[in-house]
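Each protein sequence line maps, in turn, to chains A, B and C. Quick note, the numbering used here runs 132 ahead of the 1-based positions in the first sequence. Quick note, the numbering used here runs 26 ahead of the 1-based positions in the second sequence. Quick note, the numbering used here runs 1 ahead of the 1-based positions in the third sequence.
If you are wondering where the hints come from, they were derived from the structure by calculation, not from laboratory data. Each hint should be verified, as a subset may be incorrect.
To be verified - Computed beta-carbon distance windows for the label pairs:
#1 B:Pro230 <-> A:Met133: 23 to 31 Å
#2 C:Ala97 <-> B:Pro230: 53 to 61 Å
#3 C:Ile69 <-> B:Ala226: 56 to 64 Å
#4 C:Phe73 <-> B:Leu400: 50 to 58 Å
#5 B:Gly225 <-> C:Leu77: 20 to 28 Å
#6 B:Lys182 <-> C:Ser121: 53 to 61 Å
#7 B:Glu91 <-> C:Met99: 39 to 47 Å
#8 C:Asn129 <-> B:Leu76: 46 to 54 Å
#9 B:Ala226 <-> A:Arg219: 54 to 62 Å
Said to hold, decoys possible - Coverage of chain C stretches by chain A, computed from C-beta distances (three or more under 8 Å per stretch; other residues unrestricted):
#10 25-39
#11 66-80
#12 121-134
#13 151-157
Remember, predicted model here, so these are calculated numbers, not experimental data. Here a beta-carbon is modelled for each residue, glycine too, at the ideal position from N, C-alpha and C.
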Amino acid sequence: MIPLSWYLILAAALFCIGFYGVLARRNAVVILMSVELMLNAVNINLVAFWRYLNPNDISGQVFAIIVFAVAAAEVAVGLALVISLYRNRKTISVDEVDLMKW
Amino acid sequence: MIGSISSEMILAILPEIVLLALVAVIFVVDLVVSDERRGMLATITAVGLLLTLVLTALFSRPGPEAVLLWGGMLRHDWLAFIFKIIFLVGALLTTIFTIGWEPIWRKGEFYVLLLTSTIGMTLVGASGDLIMLFLAIETTSIPLYVMAGFLTRDDKSNEAGFKYLLFGAMMTAVMLYGFSLLYGFTGTTNIYELTTAIGAGEIPAAVLVGAAVLVLIGFGFKVAMAPLHFWAPDVYEGAPTPVTAFLSTASKAAGFAALTRVMVAAFPSITLEWTTLVAIGAALSMTLGNLIALSQTNIKRLLAYSSVAHAGYALLGVAAASELGVASVVYYFLVYVVTNMAAFGAIIVVYRVVGSDEIADYAGLHRRQPLLGLVLLLAFLSLAGIPPMGGFFAKILVFAAAVEAGLIWLAVLGVLNAIIGLYYYLIVLKVMYVGESKDADKPLPVLRPHSAGLVVSVVALLVLGFVFGPFYQWAVSSASALF
Amino acid sequence: MSTVQIVFLFVGFMILLAAWMMVSRSNLVHSALWLVVALFGVAVLFVLLEAGYLAVIQVLVYIGAIAILMIFAVMLTRGDVESLTHITNRYAGWAAVMGAFLLFGLVIVLGQWPAFQTTSPEAIESANPVLDLGMAFVSPDGFTVPFIVASVLLLAAFIGAIYAAFPRKKGE
């Protein structure tokens, strides 16, 4: 069988790639995609922990489903705000959105 | 297989049920009412929130013993109860101050988002489970992203919503990763079972500290703890002022409710490590917040940095990790909500007439509207911690908690910071009372609901200062629910 | 090395490759398609973990809804050429250092945890895990409150998203 550590290391790596994407990219849509990578890493963690350590307690899967719901809500609101910003400013590059100093 | 629902369970979520019913009412009214009469949406929301507040205070009081309800999702205790009251007061005052604020007060969407966010907060305060807590935090934040960017044609508001969303989404992911590790290490998502599982001692301290750091980063962001405060000034400045008021009071209080509950309940075995981190965060927040506030010319930005500093003071109570510490945090927020609401309420009133948030435009305010000047004076003196305002006792309590916990250096730093803080509050007051302005003899009308909101906040602020006892007793009983 | 291990290594490699391509491509439509590959890989992992229901949800919600929304957003904002020619901001170097440091830290921390060495999962006793999941969501001593709150959140997000993205005239 696959050791638990493989899943956890994979999730950690995915999380860090997402983290890098959020910090490094300029385009807001790609930043939101990177956040999705981070949330997926969390879900791999949750499901792996559920399967390996407590398969008879459903809470790990419930947690993962709640993460799905929240991710959907966050993306919907996020993209709406991005489009609204684009309509006003014709840019969605995070470092050009600096009317107020950061 | 399916359990039953007892009346106790219903009463515990009474505020949430009433708020949800209120959301439905807003939907219907928004649909049927004509455009000219849309202003009634704000009134309905305000009346509904007042009703929720009364019903909560009457029927949703917890018993002397804390109980876990709804399968451990919610904990019905005094901490949750008092924070619910704080959030509802914050939402009520916010609603009152939106009256007359174009175009917000004609938009049913705004009040639906405000109420949803409030539902999220009341659940944050009561969460006994990581799943519930995560969901409640997001239910608080996601509507707030839209509310911060609510003026979609206004570039600054737009930018505020956008920045808040991007930072918020990322920090949520970091916090969630911490939650997933906690679940993995302990095999449970219940915050009160976490302690037992950790107490069994199978988990090395280093591993636990790693998870605690991730969780702290998430909460630190929500309460604007330095160095995770970078979003606060821009979002506070750009968001519509009533939303800023809500963010800086109720939303911050929600962050603290989660912070105290989770850190105290889940990590007793690594208290030294996490309190040290919180103490460093507190020191940085107070110092950075106050020093940068000194050079601000926009009053909303000034209050943003001041709110970073206030998060720092309240963190002293968290860092103490004692009963007195938690009680001081609760008392701090009882005072801080009404104080900051009074200050922001006055700013909203001035903005309506003057159309500016620059401190220079507050010159001669005292002559234009003496009572408004008095409100700002009392609010700022309370923020600065001058006796006999509520803010004075709040500060004394957090400093006492820090000293009791042996964090004397932190308490000394806090006192030094309070002196710096006094300086910039007094500068604003000086502009207001001594400053010369060519508009000094123009009157500054105040809407009747706004004056009611201001009077309520100022009276509450004075009561919390003069009648210290019963409220302190509340704070103590809520703290004892945690230990 | 067993077959499932080989499958895992292949899928894991695909996920990380797709994730890296997603954050490093300048063509946003390509980025979005790489995201779909990564999300699909995660769905395969859920199957390997015997969480079939989650795998289905992953495909439906993430690929069917979220990734498609992303592609829409890419299309609607394609006038922002600037962010396509200079894809990273000036902190990209620091971001890479922080990302690497975080990964290093996480692996070190996790490595000290005894259960990290677990090699084989415990048996699932339940005959019908999907039924358990459904029951957990509707039973009052289970996860009813989160279930309802999640629907309230989705409704609020829906309203907020429509409000924010709705085109409106000047001055409104």
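Cross-check of the supplied hints:
1. B:Pro230 <-> A:Met133: 23 to 31 Å: For Pro230 of chain B and Met133 of chain A the Cβ distance comes to about 25 Å; the hint holds.
2. C:Ala97 <-> B:Pro230: 53 to 61 Å: violated, 29 Å
3. C:Ile69 <-> B:Ala226: 56 to 64 Å: violated, 45 Å
4. C:Phe73 <-> B:Leu400: 50 to 58 Å: holds, 53 Å
5. B:Gly225 <-> C:Leu77: 20 to 28 Å: violated, 52 Å
6. B:Lys182 <-> C:Ser121: 53 to 61 Å: holds, 56 Å
7. B:Glu91 <-> C:Met99: 39 to 47 Å: holds, 46 Å
8. C:Asn129 <-> B:Leu76: 46 to 54 Å: 48 Å Cβ-Cβ, so the 46 to 54 Å window holds.
9. B:Ala226 <-> A:Arg219: 54 to 62 Å: Given a distance of about 55 Å, which is inside 54 to 62 Å, the answer is holds.
10. 25-39: With 5 residues closer than 8 Å to chain A, the stretch 25-39 of chain C meets the three-residue bar; holds.
11. 66-80: Result for this restraint: holds, n = 10.
12. 121-134: holds (count 10)
13. 151-157: holds (count 4)
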